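Undergrad: For reference, the chains in residue letters:
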Amino acid sequence: MSATLPAELRLTHLQQLESEAIGIMREVVAQCERPVMLYSIGKDSSVLLHLARKAFFPGKIPFPLLHVDTTWKFREMISFRQRMADEIGFELIVHTNADGVAQGINPFDHGSKNYTDIMKTQALRQALDAGRFDAAFGGARRDEEKSRAKERVFSFRDAHHRWDPKNQRPELWNLYNGRVNQGESIRVFPMSNWTELDVWQYIHVEQIPIVPLYFAAERPVVERDGVLIMVDDDRFVFDEGEVAEQRLVRFRTLGCYPLSGAIESTAATLPEIIGEMLVATRSEREGRVIDFDQSGSMEQKKREGYF
Amino acid sequence: MDLLRLLTCGSVDDGKSTLIGRLLHDSQLIYEDVLASLEADSAAHGSAGEGVDLALLMDGLRAEREQGITIDVAYRYFSTSRRTFIIADTPGHPQYTRNMATGASTCDLAVILIDARHGVLAQTKRHSYIASLLGIRRVVVAVNKMDLVGWSQDRFTEICEDYRSFAKALGFGESYFLPMSALAGDNVVDAGDNLGWFDGPPLLEHLERVDIDVGVDLEHFRMPVQLVSRPDADFRGYAGTIASGVLRPGDEVVALPSGLSSTVERIATFDGDLDAAGPGRAVTVTLADDIDVSRGDLLVTPGSEPQRAHDLDAMVVWMSDTGAEPGSSYLLQTANTVSNCAIRSVRHRVDINTGAHEPAPGLGLNDIGHCVITSDRELAFDPYSSNRATGSFVLVDRLTNATVGAGMIMGAASAWDRTPDAALVRQRSEISDTERAIRFGQQPCTILLTGLTAAGKSTLATALERELFDRGKVSIRLDGENVRMGISRDLGFSTQERSENLRRVSEVARLVNGQGLIAIAAMVAPDRDVRQRARDLVGAERYVEVFVDTPIEVCRERDPHGLYAMADSGEIPRFPGVSADFDRPTDADLRVDTSTQDVDECIDAIVRMLTERGFLRGPSSP
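Order-wise, the sequence lines are chains A and B. In terms of the numbering used here, the first sequence is numbered consecutively and its last residue is 618. In terms of the numbering used here, the second sequence is numbered consecutively and its last residue is 625.
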């Protein structure tokens, strides 16, 4: 036993989190038959993608990336997605709930709850079933929301993709049990122990490309119930009297543009964003409209299979 | 900046959730809108009256919020300018042992909360025991609710002394004791005004400064191979996370189980090759030679190799509603392998409130017990106390795939518990037991004369042998000292070696009994459990225990070889009756005392008993 760790061997907390995540990803590839990575194009997904490149270097990422495209994503997200696929060379699966499109489901007419259920939750299930995936990586973190504080790294889902809080496996040390029976699957969260600040610092240190929407810029927005919604295309349905105005805004989380709230900010660089973080007065989920429904709503969504 | 993973132990009543809420709140990382939603929640569920109930922040799932208790491990995150922290928050009730074990498994430090009004309780001992069992060596004992005992220094000192006296056996390093009021905030982040008599740093400052490198093993290199990376014909690398030790290009490594060795060529990472990599780092290693290495192998440095065995002694925490019994089989998952295993026996269960060992037929939910586990493949491992990563495992139910148990390896199982090679076949004799009994005029048995050194065991054994011989009986004498000159020449006097010596004598006695002969063993045999094993091995119906109960003063006086003097001076360590326990037999078949009975009287008594039990005659006539 040695009492002092030489400086060259000492890992920073980001390096420790990185090694932990890499170990988790490798374990899934070793244990599971058909893993997939859920790729939302957001900053957490960008970090996850970067970690996957590191985990399997010098090899290619040994699983496809799956994007559930609701057709209402920011246009910049879609172009960013294509750019990443071209530059990095991963296998990309894009899935859209065709039934939902045929029914004309949209966030303006059908409410965030129904829309999310059909275009995201159901679409995700369709894609996972179609691919017969037994493991799906996600970028969720335990610090995001109260109900996630107890989430496992390997989160077990039954054949209907349901999460049963009473039926989760104990996780000790770094021993992860990824065994499933036919039809069952696990969701795997390699970044469970990261915080939002860790994510931003890591993006900065590693120079990870992210969608430009995270940086402040003049953008056309409508203020609705105190939330700034960006008018990203001509499908935007204005309420009576509403007009788009140019404001200096950025996004802390990205999703479907009608459901993603922007914040007013001048932070146009990573250090500025991190600076804002440190004096943050609003946690990141405030921008997600679906969380306003009711207390405990995220827990409810998880039981139903929402990521 | 480095990372400290800590465990908070205590119940809701100890103010644990309030403490964590306070740490997060006062280090100003609770976002305003989370606070706003807390205030709304507090109105519905809160117990703190006016103001925010900090405890609510800690309880995640809705059902738990309504029940008002925390029933799982919740992870919390905060950082200061010096350090990043991950808190594993676990509930304190006995039925949540598994959760606490889970939380403790990844932590380096435990904060043990004690309510100043109640002092050290059974649950304090439970938490400390589990933390110690899971390998936590740094502890903060936080005496909370000092406001409710009038900030009394005497009360604090009293609790510290109580804690120290029971925690001695737990193997913690230097513990930090601190008085605190999580509710008022004193000594959490800031010192506050009420504990002026205490001059140590507040909790947060201590957590920021405590040395977290202690116990990092840089000497014994271990890397479980997770994946073999072969992106093209030119590259073959072994991906894994270094569990302990340091690796540099040019180092020689051995792959287990093959035992083949090679030299490290590159430590490849996405960010370029490394000159050195230490514990916790995920790397990909290439070797100079094309030796066969695959997932499940362990790369180690030569000369400091781990142990290898099929049969393990382990402490197991049971985590499933369905209990474990001897014979139950599972998948055993370690850092590098999955194998089939069975629980051979449950040696004892631990009463987690007192640390006492108690016999148990099996393990139920939240039980902790010492088990002997047999794996169908040879495992390479280190004792958990020296390496958490290579000394731990989980047990998985083969049908449901649920994780049902977690184990900490103590070592290879003693030979008592080892399974003979399955390929071995027992050769039978052509002579029946009855034929032997007729020939010898006796029924075989094993007489164990147990007692302190110089109690007179060997003298009695020799005299008994003579007496039986004169009566025409056939016996074999196995003297503890004599066997140490031969079949046990490799053994010393540790607890384990004494146990092994008795095992060998018992095995010989069993063979001898099988040939119809009487075995007379004279051994100290100080350990009750080990004598029980001898009884089980020989067969209770053939086993006769004679306790040579000569008072220790008399033994000391006799002491023909001066052993007691050497034991007193420490020259002989762990000497039964002096520096180690001698468990007095309470269920011996016969007790004799050579200080009050002469040899003939003792032999008469033994022979009488053997006669009564029918060992000294042949088969009764039909």
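Hint data in this document are derived by calculation from the structure and do not stem from the laboratory. Accuracy of the hints is not assured; some may be wrong.
Label-pair restraints from in silico Cβ distances [claimed, not checked]:
| # | chain 1 | residue 1 | chain 2 | residue 2 | range |
| --- | --- | --- | --- | --- | --- |
| 1 | B | 5 | A | 371 | 31 to 37 Å |
| 2 | A | 406 | B | 274 | 42 to 48 Å |
| 3 | B | 494 | A | 443 | 54 to 60 Å |
| 4 | A | 371 | B | 172 | 43 to 49 Å |
| 5 | B | 326 | A | 495 | 55 to 61 Å |
From a predicted model like this one, the values you see are computed outputs, not experimental measurements. Just so you know, even glycine gets a beta-carbon here, dropped at the ideal spot from N, CA and C.
Undergrad: Each hint should be assessed against the structure and marked as holding or not.
TA: Structure-based check of all given hints:
1. B:5 to A:371: 31 to 37 Å: holds (33 Å)
2. A:406 to B:274: 42 to 48 Å: violated (33 Å)
3. B:494 to A:443: 54 to 60 Å: Once the Cβ atoms are compared, 58 Å apart, the range 54 to 60 Å for residue 443 of chain A and residue 494 of chain B holds.
4. A:371 to B:172: 43 to 49 Å: 53 Å Cβ-Cβ, so the 43 to 49 Å window is violated.
5. B:326 to A:495: 55 to 61 Å: violated (25 Å)
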